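Numbering (my numbering), first residue to last: -5 to 278.
Hints in this document: simulated from the structure, not taken from any laboratory. Check before you lean on any hint, since a few could be wrong.
Straight-line Cα separation of at most 25 Å, DSS-like style, residue types lysine-lysine; simulated pairs [to be verified]:
no. : residue 1 : residue 2
1   : Lys124    : Lys243
2   : Lys258    : Lys243
3   : Lys137    : Lys124
4   : Lys166    : Lys243
5   : Lys105    : Lys274
6   : Lys102    : Lys243
7   : Lys136    : Lys274
8   : Lys77     : Lys58
9   : Lys124    : Lys68
10  : Lys172    : Lys58
11  : Lys137    : Lys206
12  : Lys102    : Lys59
13  : Lys137    : Lys274
As the structure is a computational prediction, the values presented were derived from the model and not from experiment.
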Amino acid sequence: MRSTRMAAVVAGVVMMAGLTACNGGKSDNAGGSGGSDGGAGSGQSPLQVALASLKTAAQQTGGKKSAEVDGTLKNATSTQSMKGAMDWSQGMRMNLDITQSAGMMAGKPMKAVYTSDAMYMNLGTPMGGKSWVKYDYDALAKKMGPAGALIKDQMNNNNPTRAMELLIASGKVKEAGKEDVRGVQATHYTGTLSISELTRMQSKNISESDMKALEQQLKQSGAGQEAIDLWIGSDNLLVKKREQLVGGKVPYDSTVFYSHYGTKVPDQVPAAGDTVDFDKVGKP
């Protein structure tokens, strides 16, 4: 039972990192239709203007290499909140405090540390005398099949620009007006993609067989479409991202705020002697 509950926790934490909209591998080609100036030129359509603006924002945001993050993930059973910082200068590193509204850890903050190879969680209760549980991405890929392979790829490549790249690659985006986001005047962009499109536009590191299996798995789960909403400040930096599954049977609503770009993210990887592999939890 403990392993099952912990698996649910790690799944929620992975999703809270905003990983469903990841790696638009075709963004360089698709973004070209928006022009290279990042602004509204003579004769440009609203779509071209939006694409050009997002391309500029992706370049500016990606170049900052780190940011503070906080947000929430709502699903059928609980709401999870996160707060911390991430660095994407060399792979992906992220340090978070996670709090759940329901379940065995309700109301108790948990520490989570992400690297490009593994995720570490401190559930507040020692496991076999160790404070941290290690979830190796290779092991998760083996356990979860195609979904695990996708998670591994996303965790190796995640950063705030991925959702922008995905909308650029899809060409399905429009400006939805100006809004205040925590005191920042931002332009709101929105787009909706089918789950099939999402999986097909993921990293080329996912094999064709895994991609087909993942599409079938998502179809059987009752997933519908994903709506992606982005808010870009006047300095061309992402300040808010919201991703929702709509029109399906799987409730999911993730909102993440980004601030203090360029912040220093300390290396908080737990000592090897204070970690236990997830596969070994509960085993003699």
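Results of checking the hints against the structure:
| no. | hint | in the structure |
| --- | --- | --- |
| 1 | Lys124 to Lys243 | violated, 38 Å |
| 2 | Lys258 to Lys243 | violated, 40 Å |
| 3 | Lys137 to Lys124 | holds, 23 Å |
| 4 | Lys166 to Lys243 | holds, 23 Å |
| 5 | Lys105 to Lys274 | holds, 20 Å |
| 6 | Lys102 to Lys243 | violated, 29 Å |
| 7 | Lys136 to Lys274 | holds, 15 Å |
| 8 | Lys77 to Lys58 | holds, 19 Å |
| 9 | Lys124 to Lys68 | violated, 30 Å |
| 10 | Lys172 to Lys58 | holds, 23 Å |
| 11 | Lys137 to Lys206 | holds, 18 Å |
| 12 | Lys102 to Lys59 | violated, 30 Å |
| 13 | Lys137 to Lys274 | holds, 14 Å |
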